[in-house]
Amino acid sequence: MTTTSAPAPPIPPLHAGEGGAGPLPSAGARPTGGFTVGRTLRYAALLFFLLIVLVPVYVLFVTSFKGAGDASPTRAWALPTTWTTDNWVAAWDALAPALWRTLQMVIPASIIAAVLGSMNGFVLSRWSFRGANIVFTVILFGMFIPYQAVMIPLLQLMLGLNIPTGVPSLILVHVIYGIPITTLIFRNYYQSIPHELIEAARVDGAGMLRTYFSVILPVSAPGFVVVLIWQFTSAWNDFLFAVFFSSSQNGPVTLALNNLANGALLQNYGVSMAGALFASLPTLVVYILLGKYFIGGLMSGSVKG
Numbered sequence: 000m001t002t003t004s005a006p007a008p009p010i011p012p013l014h015a016g017e018g019g020a021g022p023l024p025s026a027g028a029r030p031t032g033g034f035t036v037g038r039t040l041r042y043a044a045l046l047f048f049l050l051i052v053l054v055p056v057y058v059l060f061v062t063s064f065k066g067a068g069d070a071s072p073t074r075a076w077a078l079p080t081t082w083t084t085d086n087w088v089a090a091w092d093a094l095a096p097a098l099w100r101t102l103q104m105v106i107p108a109s110i111i112a113a114v115l116g117s118m119n120g121f122v123l124s125r126w127s128f129r130g131a132n133i134v135f136t137v138i139l140f141g142m143f144i145p146y147q148a149v150m151i152p153l154l155q156l157m158l159g160l161n162i163p164t165g166v167p168s169l170i171l172v173h174v175i176y177g178i179p180i181t182t183l184i185f186r187n188y189y190q191s192i193p194h195e196l197i198e199a200a201r202v203d204g205a206g207m208l209r210t211y212f213s214v215i216l217p218v219s220a221p222g223f224v225v226v227l228i229w230q231f232t233s234a235w236n237d238f239l240f241a242v243f244f245s246s247s248q249n250g251p252v253t254l255a256l257n258n259l260a261n262g263a264l265l266q267n268y269g270v271s272m273a274g275a276l277f278a279s280l281p282t283l284v285v286y287i288l289l290g291k292y293f294i295g296g297l298m299s300g301s302v303k304g
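217 is the number that numbering that gives the first Met the number 0 gives to position 218 of the sequence shown; each next residue is one higher, with no gaps.
Just to be clear, a hint being listed does not mean it is correct.
To be verified - With a straight-line Cα cutoff of 25 Å, these simulated SDA-like cross-link-like pairs (lysine to any residue) come out:
1. Lys291 x Pro221
2. Lys291 x Ser191
3. Lys291 x Gln190
4. Lys291 x Ile180
5. Lys291 x Ile228
6. Lys291 x Thr73
7. Lys291 x Glu198
Calculated directly from the structure, the hints in this document are not laboratory data.
Starting from the given sequences, assemble the full structure and let the hints guide the process.
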């Protein structure tokens, strides 16, 4: 004779106060005790610093649309009485040639410094030789030499070599002074690349140059993004080299902007503000479009492979 047992009744869930336990929290639940206050304080601090940064931008933008009689220090915070784009037209006419010369200078200077820094970083990080650390230290020493201390000897050297002033001289000096920082960035980045890739290339019979162009260069995009943004911004915003190695006729936009602010249009603050926005727009666009790649490139070289 076969007997069938009745199914066991379901066990009711425990509630708060039954057995001293309540319902288990879900895996994604986050504690809220004290978190809301901390998050609010962080957002308030971020908003405060954002306002500090945006206040000068607001004054620049608003003043650039004011007429000559409306733009004054006493009305810096006020909106324009009459909105006009004449300041932008005048600033563009004054700065357009300098903007083009600056592009002619910063693009090759950034690319050449990045390529040389990449080669130096590869050799110093993965192709060790006797005295490599000494060579690396000497290269880095160039980062700590003040520009002002060598400006006059460097100018005399440029004149002695008959290098034309303006764009050619500025390209050369920005490449020279960009090599230390680009070498440092690429050396740190290449140290994060697995050593097995280099060993595999050597086993296949690849030399130093073949290993660099076939193995290292294809995975160097994050490092190049960081270096190109850095060099582009440094060369674009430079003023000291522009003063010594160029003139108002063949200099970059920073020199032209200084002449615009200190020239006959000194009392027309609107033109100066519009010119400042024109001069800062390229670097702003670069950071907006490539900012996330800049941070990603820095982080990719901070972790060892």
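Against the structure, the hints:
no. : hint            : result
1   : Lys291 x Pro221 : holds (11 Å)
2   : Lys291 x Ser191 : holds (20 Å)
3   : Lys291 x Gln190 : holds (22 Å)
4   : Lys291 x Ile180 : holds (20 Å)
5   : Lys291 x Ile228 : holds (11 Å)
6   : Lys291 x Thr73  : violated (39 Å)
7   : Lys291 x Glu198 : violated (32 Å)
In this structure, the hints that do not hold are numbers 6 and 7, in rising order.
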